[in-house]
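> What follows is each chain in one-letter form.
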Amino acid sequence: MPVNENWKPTIVAFCCNWCSYAGADLAGSSRLSYPADVKIIKVPCSCRVNPMFILRAFEKGADGVILCGCHPGDCHYSTGNYYARRRMTLLFSMLDYLGVESGRTRVEWVSAAEGVKFSETMNSFVEKVHGLGPCVRLGDLRCKK
Amino acid sequence: MMHECTCFPGFAHDVLVPQVGIITDIREETPDVKTFRVNAPGGGKLFEHLPGQCAMLCLPGVSEAMFSITSSPTNREYQEFSIKRCGELTNQLHSLQVGDEILIRGPYGNHFPVETELKGKNLLFIAGGIGLAPLRSVINYVLDNRDNYGTVDILYGSRSADDLVRRDEMETVWAKAKDVNVYMTIDRPQEGWEGHVGFVPAYLKEVGFDTNKVALLCGPPIMIKFCLQALEEMGFSKEQVYTTLELRMKCGIGKCGRCNIGTKYVCKDGPVFRFDQVDALPNEY
Amino acid sequence: MFRIQRENLPGLYAAIAAESDLFLPVKAAGKTNYALWSPECQPDLDTLKTVKSPKDVFFPQSENLYTCQRDAGKLSVTPEKHRDTPFVVLGMKACDVRAVAVLDKVFLSAPVDTYYAARREMGTIVSLACGKPEASCFCGTFGIDCAAPEGDVATWLTEDFLYWNPQSEKGTALTGKLTALLEPCGEETVAREKDGIHAICQRLPLKELSLSNWGAEAARKNFDSPIWEELYHPCLACGTCTFVCPTCQCYDIKDFDTGSGVQRYRCWDSCMYSDFTMMAAGNNRTSQMQRFRQRFMHKLAYFPANYDGMFSCVGCGRCVDKCPSHLNIVKVIKAFEKEGK
Amino acid sequence: MQEMIQRAKALLESGQVSRVLGWKKGETEFDVEPAFFDTAESLDGLFYNAFCGANLSKYLIEAGKKEGKTLVFLKPCDSYSYNQLLREHRVEREKAYIIGIGCKGKLTVNKIPFDGILSVQGADYPDYSENLTVETLYGTKHISYKEAMLERCHVCKGKEHVVYDELLGESQDTVDAERFAQVTALEAMAPEERFAFFQAELSKCIRCNACRNVCPACSCRKCVFDSTAFDSAQKANTTSFEEKMFHVIRAFHVAGRCTDCGECSRVCPQGIPLHLFNRKFIKDINTIYGDYQAGADLESKAPLTSFRTDDAEPGVGRG
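Chains as they are written, first to last, in this note's numbering: chain A, 1 to 145; chain B, 1001 to 1285; chain C, 2001 to 2341; chain D, 3001 to 3319.
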């Protein structure tokens, strides 16, 4: 699909309150840049994100969805991210199976100290989604303006 | 019934399409009941109605539900809705401020036969809690056309003195009107309350009205049930008692099927039924 | 009476579609349903019963009513435009055509549903006689002749030809636009075809189905019957029967937030669903038995009471074929038949 | 069938059970509906043949609320569903008396491609026929038993009951296909082709909820799709997305709990192969976390409510 150079993808990033959200803060205060099209939604734990969140984000117009949580073993609630990992593994595989481009979803573990990683992750994810173009396979037509 | 849309002159729109209404006054009646005054954005009333009719209030993105219009048609300036907080929509409605806009369509349903069966009759109004809402419309209509009706008795009960909706209007306006008796009761004794204490059906029997009356009954289902029993014991026939039914409604025009019981659609054929008519319905309300 | 060779049907579709939208039974992913014709689609007039009825064409499963925008606290309402371009729906069976008459009773009685009314006005119905009635068919019970369907144009499909007979002004107008494709012909073949269909109808297993215990007077009589309690158990409370039914017209009105306004749309709903009558104050039909009873009482008793004895069932038999639990209106009718004797 | 009736009568008359859950015959041998029987006389109507595909386990949730025990006839695959309900505490074991009955593969009339079917001969148990004789309005036709068999029976999990009080009748192996073959074939397709395939199948969905309501694993008291809190509570099918959302979420909610009983595919009025969703999850679970069969036992940990610290990362191995 030809991608309009001016087109900017809408990215939804679910960030765990205890790590990645602070990581995003650190990225900001360290003046590390990441695209403004990343909409961050703070969640109490990566495990809070259920598959419906991801699909809903796509439905309402997201072109890519990324989930950021604490590194395995570092969950604030001790094991939440392990469950999240299994869920997302299965969900992403299912989306792939449905024929949705696999680059549109990602899970990344980002700690509160990893401002650089947060910024790099977002930059590379946005770039990847930009290459894929607008998401047409999961969006709801009614949300298209 | 197509009618001209007020927001798009010349566009004949469907009855399912609402008008925009503006909230011009909010009155806190009780801890969980508020009365909303609604006007057309340019002032005046959105539509004319008859006592007992309802309208659909909608908050876009939340939902839509049917509420009885509590103001009398004789009120030329606005319409009022007394709404009890009990679900998702009503919760949101309670958070509205004066000046906020809502969507309204209506009026829907039938009405109390104020110009026919009730005319010239002695009237007995029995209400419990928020059940006063539809009856208030009739009471004010009757008081504004006082000469067309006989005596008026109003028996109103609530859980507590704080839950009495429109207590001031009752005490300062209705009780002082010509040939009107107001009886108030609350369920349990309360400090500062010197009036009657007890449930509505019991109080009804205690006062003991004569049967040369038409009774208009509205309140929670359990109260309706026992009041009807009491009225029958007092000698009232089912043809002398009117009530309103309440079911889930979506369209308001007797098509969507939700409020269908037996051959009736409560939104269109009701909400006002005489008790012999209610009796003819299958027991599903 | 006109006719067109079967192999020229694609040309007929294209000619109709050049003038207006054309809806007809189309096979996709193994099932035949009514869909908008396109040159790539696979029309299928040979399958007797589409899974969904053509009710969709006049009363879509989901349609927008209006959009509401909020701008600086001010609300504005933009009603959805009514259908104002003509369309043709081709291939409707006699039962489905009658079902539209049932829907008319509801939607065209005051207050008129203008969305539906606009579609009825714009739509031309080309019906198709049932060459091969199914074992689950019982349209005869409702006085429907599947060999001579109503509609603006009636058609008959034989091995070689589609016979075409305009029956109304709309039908004549449509025929007038297609004269290049249709050749005039005699009535003999169609008469023979009708006889053949009638002969099959005589062998249908449900041809004796009797409605003697139903109708307006059943509204009270059958309501309290203990039969309902015996019948409803297998019901899964799904909406299959409702959604394949050509006459079920209950709907829900819902909001969808598009991010740039709230769309208020209506969509089919089923009285079999547990939340159908649920409201903040409670639910007046709390058991599946009550909901199950409501559906059949409505079709067989309340509807006739409200609309001069017209049943809101046309005997298409879709629910008979599709109920996951093999429960259906025929079983209900028969259960009360036994009781009546 | 006579054995079943006699056994049920004996148990009912002895008072060991208060009611019997089985099937009864309607107009034809392929018109069988699940049925409760309260009396010994009514049990003469108990019916069992090759068309008794309905999984009775879910009815036990409701039956369990009544007084006394319910005698239920479960086929081998139904017993997995019952076991799963048991481990989720949706049913109580002492409220059911389970007779495990034999299964020789279940038929569906939807797979018999003839017009005007009046009756099907050869579907009786125990002596069914390899070749079914189908009487139709348009003449007598024939079809093999296997051709009319439900998809799930071609990939049967096995004919051993995982839970029962007693066993009755014989079973027969019906497997003639690989369980994950369809999923593997889809995985091998290009993403565009897969997308087109699912789009075509799912756009038929009419949101009747039959798949959800028949599913023994879908036993939530209040389904997320019935909630008024989100606009997920949609009965609409305005866009193709809605069905995707519904079916993906539904399959996800039963992932690791779905026993692959195939009822969803059996009941779909539009013939959508819904098992392809569930089976994809099962295949992934087996591959990534190790073989797991929901309902096989009451002890093992379910894949989505457990984890290993060295689990695979999401998206690993994708293109």
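Hints are computed from structural coordinates only; laboratory data are not their basis.
Incorrect hints may appear among the rest.
Each computed PhoX-like pair below joins lysine-lysine, with the alpha-carbon atoms no more than 20 Å apart [what the hints assert, rightly or not]:
id, chain 1, residue 1, chain 2, residue 2
1, C, K2338, D, K3024
2, B, K1238, B, K1213
3, C, K2132, C, K2221
4, D, K3283, C, K2132
5, C, K2338, D, K3025
6, B, K1034, B, K1084
7, D, K3141, C, K2027
8, C, K2207, C, K2338
> Hints first: check each against the structure and report whether it holds.
Hint check results:
1. The suggested pairing of C:K2338 with D:K3024 holds, with an alpha-carbon distance near 17 Å, which does not exceed 20 Å.
2. With a C-alpha separation of about 12 Å, the suggested pairing of B:K1238 with B:K1213 holds against the 20 Å cut-off.
3. Only pairs whose Cα atoms come within 20 Å are accepted, and C:K2132 paired with C:K2221 is rejected, the gap being roughly 37 Å.
4. The hinted pair formed by D:K3283 and C:K2132 fails the criterion: a straight-line CA distance of about 43 Å is larger than 20 Å.
5. Only pairs whose Cα atoms come within 20 Å are accepted, and C:K2338 paired with D:K3025 is accepted, the gap being roughly 16 Å.
6. Our distance criterion of 20 Å between C-alpha atoms is met by B:K1034 and B:K1084, whose separation comes to about 7 Å.
7. For the hint linking D:K3141 to C:K2027, the alpha-carbon distance of about 24 Å lies beyond 20 Å, and the restraint is violated.
8. Distance check on the hinted pair: C:K2207 and C:K2338 sit about 16 Å apart at the alpha-carbon level, within 20 Å; holds.
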